[in-house]
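Participant: In the order they appear, the protein sequences are chains A and B. For the first sequence, the tail end lands on 290 under this note's numbering, and the numbers increase by one without skipping. For the second sequence, the tail end lands on 580 under this note's numbering, and the numbers increase by one without skipping.
Hint data in this document are derived by calculation from the structure and do not stem from the laboratory. Be careful, since some hints might not be right.
[Claimed, not checked] In silico contact screen, one side only, chain B against chain A (beta carbon under 10 Å); selected entries:
| # | residue |
| --- | --- |
| 1 | GLU299 |
| 2 | ARG301 |
| 3 | ALA307 |
| 4 | VAL315 |
| 5 | ALA396 |
| 6 | LEU405 |
| 7 | THR427 |
| 8 | PHE430 |
| 9 | LEU454 |
| 10 | SER480 |
| 11 | ARG481 |
| 12 | LEU485 |
| 13 | PHE507 |
All of these numbers come straight from a predicted model, not from anything done at the bench. Where a beta carbon is used, it is the ideal one built from N, C-alpha and C, also for glycine.
Number of protein chains: 2
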Amino acid sequence: MRTLRTVTELRTAVRAARRQDPAGVIGLVPTMGALHDGHVQLIREARLACEHVVVSLFVNPAQFDAASDLAAYPRDEQSDAGQASEAGADFLFAPSLETVYPDGFATSVQLSGPLVETLEGAHRGAAHFHGVTTVVTKLFNMVQPDVAFFGRKDAQQVLVVSKLVEDLDLPIRIEAVDTVREPDGLARSSRNVRLSADDRPKALALRAGLLAAEAAFAAGERDAQNVHAVAVQAMTDLGVAPEYLALVHPRTLAPVTTIDGGTLVVVAAHVGGVRLIDNTTLGPDPSGRR
Amino acid sequence: MRTLRTVTELRTAVRAARRQDPAGVIGLVPTMGALHDGHVQLIREARLACEHVVVSLFVNPAQFDAASDLAAYPRDEQSDAGQASEAGADFLFAPSLETVYPDGFATSVQLSGPLVETLEGAHRGAAHFHGVTTVVTKLFNMVQPDVAFFGRKDAQQVLVVSKLVEDLDLPIRIEAVDTVREPDGLARSSRNVRLSADDRPKALALRAGLLAAEAAFAAGERDAQNVHAVAVQAMTDLGVAPEYLALVHPRTLAPVTTIDGGTLVVVAAHVGGVRLIDNTTLGPDPSGRR
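Put together the whole structure using the sequences plus the hints.
Facilitator: Shown next as structure tokens:
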């Protein structure tokens with residue numbers, strides 16, 4: 001695996017790969033580093049689907065709503081490089097802050113509407129997704145991949161990036177990859193390492209809420225309000241109040257009142273000062289999409 | 291020349307051209323139609339510099355600040371196609387409004403700062419350049435050219451698009467092409483056809499103001515305020531008051547007080563209900579760039 005720092009180095013490497021292998025598919029796994037098994041899974045899927053795999057590693061200040069969260073975000077490039085290489089990456093693109101946002105940078109790519117204004121957008125502020133869509137547009141243009149891989153743990157981000165690609169006609173396919181969990185069910189997240197030993201069990205409250213929703217749905221409950229109540233109760237039983245827990249349409253994020261195929265349950269909660277999110281889908285999506 | 295209506299048709303054609311001729315340069319000339327000799331010159335330059343030339347034809351509602359201006363904007367695809375073909379275009383990309391802005395379109399590419407907030411941005415409103423940068427990003431992603439050609443008549447637009455390309459890392463080179471003029475000096479513009487016979491001579495006021503500035507500079511005047519006064523006087527002598535006339539830095543658009551190499555003089559004025567713009571450069575740019 002080669003580590004590349006500048007856009008020129010990156011483009012030279014990617015263009016050489018394309019020239020050598022014009023039919024080869026180029027896959028990108030954008031990350032903020034602090035790689036865990038969820039990222040490793042993204043890279044493995046990219047490795048299976050693509051001839052050339054680029055992993056990007058850039059902690060994007062523009063998408064952090066709290067300076068303290070940015071400052072506390074774990075950074076360990078050596079460990080990240082080891083994991084990326086082992087999972088099958090060909091190139092690690094690890095640009096500096098100045099490479100991505102040089103002096104005088106003045107452009108923003110912004111979505112509007114429920115996809116960016118509800119849930120994560122409402123709680124983290126509009127700047128969060130503007131930061132995501134701006135840096136993702138830049139990374140896509142820097143790397144020019146055919147496919148980009150994102151984790152389903154960030155369900156709303158997958159929708160936002162897919163809409164970005166559609167609206168800006170980016171010639172890129174978005175692949176969503178299933179959430180990887182700890183043995184006890186906690187969704188893998190770079191923020192998990194910040195949970196204290198005392199708080200770690202409480203972090204299971206998010207998954208407990210989602211499982212309670214799944215159980216109620218499996219038992220035949222179709223009223224969203226009832227499922228919501230059951231899920232919140234399961235969380236509060238473990239001592240955690242959700243920041244939000246919502247049953248929404250899997251594409252539009254519009255709240256649903258009666259659960260039908262593919263309803264998305266999304267949850268966010270603060271556990272011991274660490275903000276965690278998770279989600280699940282109730283029943284098969286009638287459109288056949290996931 | 292082939293006319294293409296959808297992004298799929300366009301991409302199929304461009305990819306076939308790339309496959310057939312991997313080293314061939316693809317040039318894009320984005321236009322809003324109503325082609326005149328200025329556009330023809332852009333297409334000719336693209337023809338000389340590129341193996342494959344795409345001309346796009348799309349009247350972008352998002353960049354019109356006045357509905358009346360949009361409604362009055364001349365449209366004649368048959369004439370446009372004839373001129374584009376004769377000037378050497380290989381492909382005319384003429385998408386429908388729905389192709390460019392489908393239902394639910396929700397993304398905006400926005401620059402901030404003096405490049406979009408002063409001069410045209412101040413007088414036409416912020417939405418104008420947001421409309422330009424959004425549609426240009428889309429067209430660039432649809433066509434994926436190596437080079438795109440823009441006319442120097444829209445000097446600020448050239449700067450805005452160049453900054454967009456830089457900030458979003460678009461893998462595209464921007465070529466600025468000199469303004470083409472009517473025999474009497476009026477800058478070619480699609481809006482010129484809307485000038486009445488009575489107003490047509492008054493339209494020369496913009497060029498007269500710029501020539502007065504050039505003459506003052508040539509005579510040794512270096513004080514921007516004095517040159518400004520001379521230029522405005524030349525316009526009012528012809529019965530036209532500028533909307534703005536400004537001496538600015540050719541890259542930052544910051545107002546200059548003392549003229550040095552490459553100072554840009556930009557002017558806008560309404561003549562008989564038609565808004566016209568023009569510009570000139572005083573002296574050589576010390577950086578060697580134009």
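Participant: Next step is simple, just say for each hint if it's right about the structure.
Facilitator: Results for each hint:
1. GLU299: Not OK, violated: GLU299/B not within 10 Å of chain A, min 13 Å.
2. ARG301: 7 Å, holds
3. ALA307: With Cβ-Cβ at 14 Å, over 10 Å, it is violated.
4. VAL315: Not OK, violated: VAL315/B not within 10 Å of chain A, min 14 Å.
5. ALA396: Check passed: Cβ of ALA396/B comes within 5 Å of chain A, closer than 10 Å.
6. LEU405: 7 Å, holds
7. THR427: It holds, given that the least Cβ distance between THR427/B and chain A is near 6 Å, below 10 Å.
8. PHE430: Status holds, d = 9 Å.
9. LEU454: 6 Å, holds
10. SER480: Since chain A brings no Cβ nearer than about 25 Å to SER480/B, farther than 10 Å, the hint is violated.
11. ARG481: Violated. Min distance 28 Å.
12. LEU485: With Cβ-Cβ at 36 Å, over 10 Å, it is violated.
13. PHE507: With a closest approach of 29 Å, the PHE507/B hint is violated.
When each numbered hint is compared with the structure, violations occur for hints 1, 3, 4, 10, 11, 12, 13.
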